[in-house]
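Starting from the given sequences, assemble the full structure and let the hints guide the process.
Heads up: the protein sequence lines correspond to chains P and Z, in order.
When you number the first sequence by my numbering, it's gap-free, plus one each residue, and the end is 218.
When you number the second sequence by my numbering, it's gap-free, plus one each residue, and the end is 845.
Hint data in this document are derived by calculation from the structure and do not stem from the laboratory.
Among the hints, erroneous ones may be present.
[As the list claims (entries may be wrong)] For the chain P half of the interface with chain Z, some residues (derived, Cβ under 10 Å), not all of them:
| # | residue |
| --- | --- |
| 1 | Ala93 |
| 2 | Asp113 |
| 3 | Ser146 |
| 4 | Thr147 |
| 5 | Trp193 |
| 6 | Ala196 |
[What the hints assert, rightly or not] Computed Cβ-Cβ distance ranges for the label pairs, DEER-style:
| # | chain 1 | residue 1 | chain 2 | residue 2 | range |
| --- | --- | --- | --- | --- | --- |
| 7 | P | Glu79 | Z | Ala481 | 15 to 25 Å |
| 8 | P | Arg145 | Z | Arg509 | 28 to 38 Å |
| 9 | P | Asp140 | Z | Asp445 | 27 to 37 Å |
Every residue gets a Cβ at the ideal spot worked out from N, C-alpha and C, and that includes glycine.
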Amino acid sequence: MSTERRRTAAATAALIVMVGLAISGCTSGPDPVPPTAFVTPSAPPGAESARGPASAGADSEEATAADLAFVEAMIVHHEQAVELAELAVDRAADPEIVSLAERMSLTQAAEADAMRSWLERHRASGRAPGEAHEHDAAMDGEISRSTLDRAAEVRGAAFDRLFVAAMVPHHLAAVRMAEDRLAVPGDPAVSRWARAIANAQSLEVDRLQEVEARLPDA
Amino acid sequence: MHAGRVAAWARPVATAAVLTALVTSLAAGAPAPADAGASAREPSIGPGLEWVAHRDNPFRQGDDADFINSDLAFTGDHLIQGNFAGFSVWDIADPSAPTLVSAVSCPGGQGDVSAVGNLVFVSVDETMSDDSCQAARVPETDENWEGVRIFDVSDPASPQYVAAVRTRCGSHTHTVVPDPASADRVFVYVSAYSRGASRNCTGRNPLQIIEVPLAAPEAASVVGELDLFDDESAFGPEDRVAGGAETRSTTGCHDITAYPARALAVAACRGDGLLLSIADPLAPVVLQRVRDPAVAFWHSGIFDHAASTVVFQDELGDGFINTCSPAFGTDRGADAAWRIQPDGLVKAGTFKLPRAQSDLEKCVAHSGGLVPVPDRFVIAQAWLEGGVSVIDFTDPAAPVELTWFDRPDYGYSMDYTAGIWSVYPYRGHLYASDMYEGLEVLRLTDPAFAAANRYDDTGLNPQTQPEYAWVWRDAPVVPSSAAERASMETLSVQPATLEPAASAEITVSLPAGSLAAGETADVWWMPTQSVLATVTAAPDGSMAATTATLPGPLGPGSYDVVVRGDTSAPRLAIATLVVATPAPNAAPDAAPERSGGAWWLLVLLPFGAALAYHAALARRRRRRSRS
Numbered sequence: 001m002s003t004e005r006r007r008t009a010a011a012t013a014a015l016i017v018m019v020g021l022a023i024s025g026c027t028s029g030p031d032p033v034p035p036t037a038f039v040t041p042s043a044p045p046g047a048e049s050a051r052g053p054a055s056a057g058a059d060s061e062e063a064t065a066a067d068l069a070f071v072e073a074m075i076v077h078h079e080q081a082v083e084l085a086e087l088a089v090d091r092a093a094d095p096e097i098v099s100l101a102e103r104m105s106l107t108q109a110a111e112a113d114a115m116r117s118w119l120e121r122h123r124a125s126g127r128a129p130g131e132a133h134e135h136d137a138a139m140d141g142e143i144s145r146s147t148l149d150r151a152a153e154v155r156g157a158a159f160d161r162l163f164v165a166a167m168v169p170h171h172l173a174a175v176r177m178a179e180d181r182l183a184v185p186g187d188p189a190v191s192r193w194a195r196a197i198a199n200a201q202s203l204e205v206d207r208l209q210e211v212e213a214r215l216p217d218a
Numbered sequence: 219m220h221a222g223r224v225a226a227w228a229r230p231v232a233t234a235a236v237l238t239a240l241v242t243s244l245a246a247g248a249p250a251p252a253d254a255g256a257s258a259r260e261p262s263i264g265p266g267l268e269w270v271a272h273r274d275n276p277f278r279q280g281d282d283a284d285f286i287n288s289d290l291a292f293t294g295d296h297l298i299q300g301n302f303a304g305f306s307v308w309d310i311a312d313p314s315a316p317t318l319v320s321a322v323s324c325p326g327g328q329g330d331v332s333a334v335g336n337l338v339f340v341s342v343d344e345t346m347s348d349d350s351c352q353a354a355r356v357p358e359t360d361e362n363w364e365g366v367r368i369f370d371v372s373d374p375a376s377p378q379y380v381a382a383v384r385t386r387c388g389s390h391t392h393t394v395v396p397d398p399a400s401a402d403r404v405f406v407y408v409s410a411y412s413r414g415a416s417r418n419c420t421g422r423n424p425l426q427i428i429e430v431p432l433a434a435p436e437a438a439s440v441v442g443e444l445d446l447f448d449d450e451s452a453f454g455p456e457d458r459v460a461g462g463a464e465t466r467s468t469t470g471c472h473d474i475t476a477y478p479a480r481a482l483a484v485a486a487c488r489g490d491g492l493l494l495s496i497a498d499p500l501a502p503v504v505l506q507r508v509r510d511p512a513v514a515f516w517h518s519g520i521f522d523h524a525a526s527t528v529v530f531q532d533e534l535g536d537g538f539i540n541t542c543s544p545a546f547g548t549d550r551g552a553d554a555a556w557r558i559q560p561d562g563l564v565k566a567g568t569f570k571l572p573r574a575q576s577d578l579e580k581c582v583a584h585s586g587g588l589v590p591v592p593d594r595f596v597i598a599q600a601w602l603e604g605g606v607s608v609i610d611f612t613d614p615a616a617p618v619e620l621t622w623f624d625r626p627d628y629g630y631s632m633d634y635t636a637g638i639w640s641v642y643p644y645r646g647h648l649y650a651s652d653m654y655e656g657l658e659v660l661r662l663t664d665p666a667f668a669a670a671n672r673y674d675d676t677g678l679n680p681q682t683q684p685e686y687a688w689v690w691r692d693a694p695v696v697p698s699s700a701a702e703r704a705s706m707e708t709l710s711v712q713p714a715t716l717e718p719a720a721s722a723e724i725t726v727s728l729p730a731g732s733l734a735a736g737e738t739a740d741v742w743w744m745p746t747q748s749v750l751a752t753v754t755a756a757p758d759g760s761m762a763a764t765t766a767t768l769p770g771p772l773g774p775g776s777y778d779v780v781v782r783g784d785t786s787a788p789r790l791a792i793a794t795l796v797v798a799t800p801a802p803n804a805a806p807d808a809a810p811e812r813s814g815g816a817w818w819l820l821v822l823l824p825f826g827a828a829l830a831y832h833a834a835l836a837r838r839r840r841r842r843s844r845s
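Written out as structure tokens, the structure is:
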């Protein structure tokens with residue numbers, strides 16, 4: 001390599017470094033947080049925290065097999081509720097059932113979408129442990145195919161009774177599924193999701209039981 | 219009848235249109251602040267809204283939901299921003315340049331925060347291995363701690379953890395309620411709504427009340443417990459299902475907003491909305507209770523100034539989905555305005571974010587606060603990834619969005635929840651807490667918000683609504699009694715005596731300690747009841763020499779100049795300006811002399827009285843200091 005070319009190469013390298021510095025200077029965004037800003041206060045005197053290090057049951061940073069099983073099962077569970085609720089719009093007689101069913105189908109379809117997207121992201125990033133679980137066994141509170149078929153054929157008060165009779169145990173099962181998940185370690189964010197589902201569905205059970213109490217007898 | 223209805227409909231629309239037109243006429247390009255973060259997701263910003271500053275969430279770890287921001291509280295120049303991993307203390311003395319003073323690492327969601335003086339309260343509603351800041355999250359069926367943590371932020375760079383108060387079902391949110399009988403303590407209403415499968419929580423979620431002695435916060439403890447649902451809707455044995463869960467699910471509240479000046483609170487309790495009397499803060503009474511088939515999840519509430527209307531937010535889907543789409547319609551996951559009538563809460567109207575959001579976003583009505591615009595009911599409210607919306611509920615039947623701040627989606631659906639948790643007005647700016655992105659500072663630039671922006675709500679806890687008094691809008695009333703005046707005559711005016719003139723310039727100033735630090739104050743010219751100048755008090759409470767032009771013509775007489783601060787009101791600082799009579803040789807006439815003679819007597823008498831009073835005071839002080 002000639003001296004001339006070596007000099008050119010050196011100049012080019014310097015230029016690249018300078019441009020690189022300039023670019024990084026322009027795009028570094030907001031100042032990084034100075035590490036001194038972080039503080040961890042010690043517990044107050046007389047606190048309950050003399051229990052030593054966290055128990056072996058501490059929640060994990062990553063999704064666990066229990067998280068995956070819960071989300072997978074809840075997607076299927078939601079899909080059943082949506083299928084039954086969508087029938088209510090044309091078939092139910094009680095206006096509160098119509099309104100509840102509309103909201104259930106919208107909300108649970110959107111939640112199922114969010115859970116599917118969660119599953120895909122966790123699978124794609126390799127964060128989802130294990131393989132998909134088998135769902136051969138009957139699901140807790142499952143709305144059977146025959147119930148759905150019957151619901152598609154009845155109207156009015158008969159539909160209302162069938163709707164409440166199927167949806168209440170179905171929702172209670174969702175609450176149990178959430179509570180089973182909450183009883184074991186897992187990703188805390190999935191715990192929050194499970195709590196939200198249990199809360200929302202138990203509230204709807206209240207409403208369905210109130211409607212049931214005033215439905216005309218068969 | 220028909221015409222009447224049209225007129226009733228037309229008026230609010232017209233006023234709303236005026237306000238909207240005002241806002242629109244002032245719409246300027248709203249450039250991003252220089253330090254607007256690395257995010258390429260440029261927000262859409264509505265008219266009359268300026269994006270003043272952005273600061274990244276210091277806790278953020280990618281898309282990990284255990285490091286998201288939650289609610290906000292304010293104390294003096296500091297903003298406390300809750301986080302599922304602790305809380306941040308920001309110095310907001312300059313709202314355009316918030317500075318992170320400390321990031322307190324102390325995990326436990328959801329980190330709902332309040333601040334009283336140097337104390338910060340933090341709600342923990344996740345079952346933790348213990349009450350320390352090293353605690354790990356554990357299943358709710360394990361031995362665990364949840365409740366309220368209390369920190370002392372006297373040194374905001376190094377907050378001290380002073381007390382941990384365990385509550386039965388954790389603390390999803392909490393609300394500071396002052397003790398009307400004592401400034402030495404506050405009460406904290408703890409809201410929780412667990413279902414009952416956890417180890418410590420039976421499924422009943424009583425309203426637990428913590429007493430915090432402000433001088434001894436380490437002695438904070440639960441002093442009261444009250445079941446707001448102790449009636450026909452309460453649990454029966456038949457409501458228990460296998461596994462321990464209770465199905466009667468409204469047993470506790472999600473959030474409470476207190477309005478202590480009106481002795482009222484609204485409680486948003488999942489399936490029910492309650493109006494409470496808090497006249498005795500240790501024994502709240504349910505005044506009214508409402509349920510609405512259209513409302514899925516009563517999340518929070520905001521009073522108007524007169525406490526005649528309340529807006530409730532419905533957090534349908536708990537923030538995990540997008541309800542701001544045509545499919546969900548205009549009344550699901552929305553705001554609902556209710557009129558407070560003697561015989562019940564009467565639904566008056568609903569508001570839903572008018573801008574449809576992508577299904578990759580999470581959007582539902584969330585937390586917000588009253589924007590103190592006199593004679594109107596304007597709120598700023600968060601809608602998660604739907605951003606911030608400023609809404610005029612003055613006519614609750616026809617609410618109108620005035621402006622907004624709304625980022626686009628992330629390009630994918632965030633796990634769980636995301637977006638802006640809450641937004642509140644404080645000292646003329648809007649502070650918005652974005653779960654992942656951080657802190658946004660906004661400002662309403664329309665003159666319609668001048669009075670709201672001027673309001674100094676130092677130490678605001680948004681869930682404890684202050685009674686706003688826009689004191690600067692009315693001229694001060696100067697006491698006529700000399701004794702009363704004497705103590706107020708602290709204002710220095712130069713020159714103190716003037717010759718009659720068409721107009722004149724004076725310079726006024728106040729010594730340290732006269733005003734509240736940093737407050738806004740007006741210099742009033744009492745003869746015309748007009749404001750000569752508006753100033754900002756120095757940190758030591760003094761007012762620097764301020765020059766003002768007096769409106770003329772100035773005839774002989776003695777006139778009051780008054781300085782009144784917005785927060786130190788009704789305290790006044792008074793000076794008497796004397797316009798001397800023309801020289802005697804210029805006024806030989808007897809008649810005007812008689813009438814002119816009266817005025818200086820009127821000046822001298824109070825002056826004499828004041829002098830005598832001061833002399834007496836000084837004498838007494840001397841005597842006391844000697845003894």
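Tested hints:
1. Ala93: With Cβ-Cβ at 15 Å, over 10 Å, it is violated.
2. Asp113: 7 Å, holds
3. Ser146: Check failed: Cβ of Ser146 (chain P) comes no nearer than 25 Å to chain Z, outside 10 Å.
4. Thr147: 21 Å, violated
5. Trp193: 6 Å, holds
6. Ala196: It holds, given that the least Cβ distance between Ala196 (chain P) and chain Z is near 4 Å, below 10 Å.
7. P:Glu79 - Z:Ala481: 15 to 25 Å: With a Cβ separation near 49 Å, Glu79 (chain P) and Ala481 (chain Z) fall outside 15 to 25 Å, so the hint is violated.
8. P:Arg145 - Z:Arg509: 28 to 38 Å: Since Arg145 (chain P) and Arg509 (chain Z) have Cβ atoms about 35 Å apart, the given range 28 to 38 Å holds.
9. P:Asp140 - Z:Asp445: 27 to 37 Å: About 31 Å separates the Cβ atoms of Asp140 (chain P) and Asp445 (chain Z), which means 27 to 37 Å holds.
Checked against the numbered hints listed earlier, the structure breaks hints 1, 3, 4, 7; every other hint is satisfied.
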